[in-house]
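*Asks:* One letter stands for each residue in the lines below.
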Amino acid sequence: DTEVTQTPKHLVMGMTNKKSLKCEQHMGHRAMYWYKQKAKKPPELMFVYSYEKLSINESVPSRFSPECPNSSLLNLHLHALQPEDSALYLCASSQVPGLATDTQYFGPGTRLTVL
Amino acid sequence: AQKVTQAQTEISVVEKEDVTLDCVYETRDTTYYLFWYKQPPSGELVFLIRRNSFDEQNEISGRYSWNFQKSTSSFNFTITASQVVDSAVYFCALSEDSGYSTLTFGKGTMLLVSP
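Residue numbers (my numbering), protein chains in the order written: chain A, 54 to 168; chain B, 278 to 392.
In short, the hints are calculated from the structure, not lab data.
Hints should not be assumed to be uniformly reliable.
In silico EDC-like pairs for lysine to aspartate or glutamate, Cα to Cα no more than 16 Å straight-line [said to hold, decoys possible]:
1) A/Lys93 with B/Glu287
2) B/Lys384 with A/Asp138
3) A/Lys94 with B/Glu336
4) A/Lys62 with B/Glu287
5) A/Lys91 with B/Glu321
Generate coordinates for the entire structure from the input sequences, incorporating the hints supplied.
*Replies:* So, in C-alpha cells, the structure goes:
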C-alpha cells in the first residue's frame, strides 16, 4: 500500500480566511513533504518534516504554517493568503528522511483557489 | 548544482504510436538516483521508476521502457503502442547522494495521445 491521502480535494478561500490542508499516510514513512505546483510547472518543495521535526523550509512565507502532529499526519495551515497562492498543493511521504534512494509517494493534491 | 532538462514541452501522438520522452540531467555526484513520475489530469504524481547511477541496464515494464546512458547523462522513457490513458504530464527527477537529499524535477513533458 503506497497511499497518501489529502483533504480537502478542492478549497476556495478568501484572503482573510484561515483554513487547513490535511495529509495522512499509514506506510510508516518518517519523512513528509509539502509541495506547491502552479499550472504547467513542476512541483516546488515547500517544507520537509523528518521524524516529525521540520528539517527544511524553502523560504516559504509565514502565511503558510506547517504542522506534523504525529508520524502519520501532516497539516498545512493557511492564513491571509494572496490570489497568487492559488495552486495545487501536494503532500508526499518517503521512508527515510534525506535518503537519495528513497522514493517519494504523492497524494492526489488539494486544488486551492484564493479569491 | 543538479539540474534536469526535459526539452520537449508537449508531444502529440495518435494511439498505437511509439513515443520517447527525453530527460537530460546534470550532477557532480557519482552516486545519484533518477526517477520518472506520471501526473494525469487528476493531479496525483504516480511513481513509475527509480534508477541508480551504477545500474545502466535498460528496464522494461509492459509497454514502458527506460534507457539510461551515463555517457550522455540521459534517462529517456519510451511508451510503446501508446494509449489514450497515457495522456499525462511526465516528470523526470534527480536526487543526489550527498547531504540531505531532495528531488529536483524537470519541467515536465505533456503527452497527448489521441484516438
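*Asks:* Now tell me if each hint is right for this structure.
*Replies:* Quick rundown of the hints versus the structure:
As the CA atoms of A/Lys93 and B/Glu287 are separated by approximately 11 Å, the hinted pair is consistent with the 16 Å bound. Taken as a hint, the B/Lys384 and A/Asp138 pair is broken in the structure, with Cα atoms around 19 Å apart against an allowance of 16 Å. Pair hint A/Lys94 plus B/Glu336 does not hold up; C-alpha atoms about 27 Å apart against a cutoff of 16 Å. Distance hint between A/Lys62 and B/Glu287 is unfulfilled; the C-alpha atoms sit about 27 Å from each other, more than 16 Å.
Only pairs whose Cα atoms come within 16 Å are accepted, and A/Lys91 paired with B/Glu321 is accepted, the gap being roughly 14 Å.
Hint compliance for this structure: hints 2, 3, 4 are not met, and every other hint is.
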